[in-house]
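*Asks:* Could you slot chain Z onto chain R? The hints should help.
Below are the chains, spelled out letter by letter.
Number of protein chains: 2
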Amino acid sequence: MIAGLPPQIGLYSSIFPGIVYSLFGSCKDITLGPTAILSALVAKYVAYSDDFAYLASFLSGCIVLLFGILQLGFILDFISKPVIAGFTTAAALQIGASQLRSLFGVSGSSGNTFVKAIINFFRNITTIQLNDSLLGVVTIISLMLLKHATIPVGPDSSSCRVRFAKLWVYVLRARNALVVFVGSILAYILYVQGWTPFALTGKINGGLPHFGPPPFSTVVGNRTLNFTDMLAVFGAEGLVMPLVTILESVAIAKAFAGSKPVDGTQEMIALGACNILSCFGQSMPTTGSFTRTAINHACGVTTPAGSLFKACLVLLAVTLLTDAFFFIPKTVLAGIIIVAMTSITEFGLVTKLWRNSKLELAVYSLTVLVGAGVGLEYGILCGAGLDVARTLAHAARPDLHHQLFKVGNQDCIILTLLGTLTYACCEHVPRQLRRRAGEHVHVAVLDARHVQRLDYGVAENLISTILDLEQNHRFLLWNFKESHKQLFEDIHPGFSGRFVNGPSIDQHILGLEPIPMR
Amino acid sequence: MIAGLPPQIGLYSSIFPGIVYSLFGSCKDITLGPTAILSALVAKYVAYSDDFAYLASFLSGCIVLLFGILQLGFILDFISKPVIAGFTTAAALQIGASQLRSLFGVSGSSGNTFVKAIINFFRNITTIQLNDSLLGVVTIISLMLLKHATIPVGPDSSSCRVRFAKLWVYVLRARNALVVFVGSILAYILYVQGWTPFALTGKINGGLPHFGPPPFSTVVGNRTLNFTDMLAVFGAEGLVMPLVTILESVAIAKAFAGSKPVDGTQEMIALGACNILSCFGQSMPTTGSFTRTAINHACGVTTPAGSLFKACLVLLAVTLLTDAFFFIPKTVLAGIIIVAMTSITEFGLVTKLWRNSKLELAVYSLTVLVGAGVGLEYGILCGAGLDVARTLAHAARPDLHHQLFKVGNQDCIILTLLGTLTYACCEHVPRQLRRRAGEHVHVAVLDARHVQRLDYGVAENLISTILDLEQNHRFLLWNFKESHKQLFEDIHPGFSGRFVNGPSIDQHILGLEPIPMR
Numbered sequence: 001m002i003a004g005l006p007p008q009i010g011l012y013s014s015i016f017p018g019i020v021y022s023l024f025g026s027c028k029d030i031t032l033g034p035t036a037i038l039s040a041l042v043a044k045y046v047a048y049s050d051d052f053a054y055l056a057s058f059l060s061g062c063i064v065l066l067f068g069i070l071q072l073g074f075i076l077d078f079i080s081k082p083v084i085a086g087f088t089t090a091a092a093l094q095i096g097a098s099q100l101r102s103l104f105g106v107s108g109s110s111g112n113t114f115v116k117a118i119i120n121f122f123r124n125i126t127t128i129q130l131n132d133s134l135l136g137v138v139t140i141i142s143l144m145l146l147k148h149a150t151i152p153v154g155p156d157s158s159s160c161r162v163r164f165a166k167l168w169v170y171v172l173r174a175r176n177a178l179v180v181f182v183g184s185i186l187a188y189i190l191y192v193q194g195w196t197p198f199a200l201t202g203k204i205n206g207g208l209p210h211f212g213p214p215p216f217s218t219v220v221g222n223r224t225l226n227f228t229d230m231l232a233v234f235g236a237e238g239l240v241m242p243l244v245t246i247l248e249s250v251a252i253a254k255a256f257a258g259s260k261p262v263d264g265t266q267e268m269i270a271l272g273a274c275n276i277l278s279c280f281g282q283s284m285p286t287t288g289s290f291t292r293t294a295i296n297h298a299c300g301v302t303t304p305a306g307s308l309f310k311a312c313l314v315l316l317a318v319t320l321l322t323d324a325f326f327f328i329p330k331t332v333l334a335g336i337i338i339v340a341m342t343s344i345t346e347f348g349l350v351t352k353l354w355r356n357s358k359l360e361l362a363v364y365s366l367t368v369l370v371g372a373g374v375g376l377e378y379g380i381l382c383g384a385g386l387d388v389a390r391t392l393a394h395a396a397r398p399d400l401h402h403q404l405f406k407v408g409n410q411d412c413i414i415l416t417l418l419g420t421l422t423y424a425c426c427e428h429v430p431r432q433l434r435r436r437a438g439e440h441v442h443v444a445v446l447d448a449r450h451v452q453r454l455d456y457g458v459a460e461n462l463i464s465t466i467l468d469l470e471q472n473h474r475f476l477l478w479n480f481k482e483s484h485k486q487l488f489e490d491i492h493p494g495f496s497g498r499f500v501n502g503p504s505i506d507q508h509i510l511g512l513e514p515i516p517m518r
Numbered sequence: 001m002i003a004g005l006p007p008q009i010g011l012y013s014s015i016f017p018g019i020v021y022s023l024f025g026s027c028k029d030i031t032l033g034p035t036a037i038l039s040a041l042v043a044k045y046v047a048y049s050d051d052f053a054y055l056a057s058f059l060s061g062c063i064v065l066l067f068g069i070l071q072l073g074f075i076l077d078f079i080s081k082p083v084i085a086g087f088t089t090a091a092a093l094q095i096g097a098s099q100l101r102s103l104f105g106v107s108g109s110s111g112n113t114f115v116k117a118i119i120n121f122f123r124n125i126t127t128i129q130l131n132d133s134l135l136g137v138v139t140i141i142s143l144m145l146l147k148h149a150t151i152p153v154g155p156d157s158s159s160c161r162v163r164f165a166k167l168w169v170y171v172l173r174a175r176n177a178l179v180v181f182v183g184s185i186l187a188y189i190l191y192v193q194g195w196t197p198f199a200l201t202g203k204i205n206g207g208l209p210h211f212g213p214p215p216f217s218t219v220v221g222n223r224t225l226n227f228t229d230m231l232a233v234f235g236a237e238g239l240v241m242p243l244v245t246i247l248e249s250v251a252i253a254k255a256f257a258g259s260k261p262v263d264g265t266q267e268m269i270a271l272g273a274c275n276i277l278s279c280f281g282q283s284m285p286t287t288g289s290f291t292r293t294a295i296n297h298a299c300g301v302t303t304p305a306g307s308l309f310k311a312c313l314v315l316l317a318v319t320l321l322t323d324a325f326f327f328i329p330k331t332v333l334a335g336i337i338i339v340a341m342t343s344i345t346e347f348g349l350v351t352k353l354w355r356n357s358k359l360e361l362a363v364y365s366l367t368v369l370v371g372a373g374v375g376l377e378y379g380i381l382c383g384a385g386l387d388v389a390r391t392l393a394h395a396a397r398p399d400l401h402h403q404l405f406k407v408g409n410q411d412c413i414i415l416t417l418l419g420t421l422t423y424a425c426c427e428h429v430p431r432q433l434r435r436r437a438g439e440h441v442h443v444a445v446l447d448a449r450h451v452q453r454l455d456y457g458v459a460e461n462l463i464s465t466i467l468d469l470e471q472n473h474r475f476l477l478w479n480f481k482e483s484h485k486q487l488f489e490d491i492h493p494g495f496s497g498r499f500v501n502g503p504s505i506d507q508h509i510l511g512l513e514p515i516p517m518r
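In the order they appear, the protein sequences are chains R and Z. Note that full-length UniProt numbering gives residue 95 to position 95 of the first sequence, counting from 1, and the numbers run on in steps of one. Note that full-length UniProt numbering gives residue 281 to position 281 of the second sequence, counting from 1, and the numbers run on in steps of one.
Hints are computed from structural coordinates only; laboratory data are not their basis. Idealized CB from N, CA, C, for every residue including glycine. A couple of the hints might just be wrong.
Partner residues are not named here, just some residues of chain R that face chain Z (Cβ under 7 angstroms, in silico) [unchecked claim]:
hint	residue
1	356
2	391
3	394
4	457
Bound-form chain R, shown alone (with noise of 0.2 angstroms):
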């Protein structure tokens, strides 16, 4: 409805998806299915008409699957620890937020933002109604006491009670179905005594998908628009469906995954299988869904077949069961995702954050602060930013590890350069090595035994400032590779006789040439 399509195409897009991923996808919580953020982002072409969802779908997978195949994968180890940890918590928070509005019964939309929802919810909080927030309550305690419930063997182990007991675990494990079942029964026994309490789901409209291709031409008007008119529509901007697909589904498989690793270029290549083939059944673009991806984990799913579980459920909710589906309490359902979002906000991790790494629960901050403030989008996007700046900042400014001896009677200097010196610190480094060759210094030694990588740049200003500096000192270039000292001959030619190698550099010292008396 957001992506302004009829409902059941929602209930559509839950079904393929469903089952395409439990063949190519490897991560076992994964649900995917219409979000709202894709659904915002596909509303503007569906004001055109309804096939540019279907195709959007198409398209948008193909460009996924392209991704996949070209193993770009890579990409998402960009998005760290802390901006996974920030996004679940945003997400979590806004979700749970979101779910006050049917809890309560209260009126009003429930907006795409934590601060929104919290707002919109305190606005409307006078058409609270008491007899949804009494279920929902009871169904949130109800959840609590089963989750934390432990089953109840004793030393008496009787054949019948080890039967109870194992019964017990199932329903422990069901809990979430069961309290759907129990709120649904209680709701349909009032609905024959003539009472509606509780604000229920109501009528599915339901049947089967129309099955075909994708729509290739469209009718906008009395205009008919063939297939470059309709990528026409799409334009540049149409590629921000497939990255936004591609990063709330690998976001919320690494969130899940824990410290589990994720094969991005797998996911990505059935996230692109996904689309590609739903779209034959009337589906929109989809991705993973943070909120049924929870429950899904909530209710303890063990592999990636349980996608096809859900689909077959959301068949049934949409064929056979439209009538059963009807009496399930709003409030209900909101209980269940609240208990299951109150389980994976990460806040343990702020507290080691602290304790090790302080810029890193900057990240963390910043992902959780924009998330829940202006969308959980532009958090990954700041937190992801903030951790390029961090990494630029490194390169940038290299620690220079530096060491004073003596041979004989010359003071010495060793600087150790360390794994790759980029472009960045190509003012720093001569800064730094200007510094520390200072007054007292007479020989300075630039150790690069761990150099693996070293830009031109680099190279450039560290010869002009040695030249510049050699007047007052000597300077030796110890166990440079091959490949580097060819690149310094080459800025100047020459430049080589100060290059030494060997396991000491003490000889090398004694073998310099004394610098002439001022």
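*Replies:* Leaving out everything else, chain Z in the frame of chain R:
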């Protein structure tokens, strides 16, 4: 005129920034003034009222000054040598091509990129003027001859000859002024005889500018806009102007500084002061101008006081010498600019980069291609973007040096971690550890002597990988910093038993419990 302002504003905008820059500036060659890019940016505000141009100068000056005061000069470290060289080459190509029109007296506009200038030139080639072409080519040949002329000091250095040689040095240095002078005299003589064979510079609408504070309110149509309204007109997009101001000026400063460092912070302060103070004398936003800086450089300027000299000349041009400047043939100016451009293209870098660093050559090429085809500022952005991508790729895929060795009958491997291990390598490092630890290795040692920083995600993934592999391997974490040990212990209490210190690892390996037989 690009900005939609009266032409004399362009001249006024060259006077005061020149004076102020001579006081605050740190780069000898830089010439400040209105540029094509800034003019195009300011044009849409001038469409409301000229007052916006002066206020834009004031406000963007304030922002640039603030950048300087906040010591944000380090941002400019992220514009690498290949980007600067690529920008220089693209700028020289574009400016040279845009002068072809004046050189050959061809009509039509010149276009704001190299590609467009060339296309426009050939589109209007039929309107070529013989006289202009002739004078232009003669100008270029004269300048080339003067530039490469040697000073005729023979073995018989008589006093007269020495004096002549000294004069000759000044003639060679003043060659640009000389050809302008000769060209103007020629045009004047022909003009007096009633013949105007060349396109001339023409009348400069002069007089002194009006002095006064920048306008904090203005009238558009019959509506008075106060300061807040004017700010609203600029909007967030107005922030592009100070950024372009900094980017253009510092790119030029770096290009002409060679391998000497450029003090970005001081340049920001100078640029800010120039824009703030000049707007009191009817000046639009100004920044470093590539063409004029290159001519300054070609004229052999040696201190920032050259700016003052230039400001005085422009002041003379708009007051006393309007008649003299009338006769300068445009083709002579075009010839001077083209010769100045030939001396600053940096094609020599290409071969050096080809031999030593193909990736940096890609950065250079991208900057040139985008700069010449789309626009100079886009060239810088694309080049800088590719540089950032390069840095991130290095951060994500650090080389891990490994070495196999034997202690007793145990096969061991040592993996050396280097520098900064950021979030981006948090999948890569554990993957490498898993691969290297392979089947035949009993003990894997992680050497962290040279690790400076280590992100949370890397530690977390290392721990889960080690715990996973520990059934078949023993792990030793060697020479980790105390802070890193604490991080590991914080994530997984009890993990710190694997940390060892000291110069030799062999004793620690011998002290390990053997792995139980399977």
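*Asks:* Indicate, hint by hint, whether the structure satisfies it.
*Replies:* We went through each hint and held it up to the structure:
| no. | hint | result |
| --- | --- | --- |
| 1 | 356 | 4 angstroms, holds |
| 2 | 391 | 5 angstroms, holds |
| 3 | 394 | 5 angstroms, holds |
| 4 | 457 | 4 angstroms, holds |
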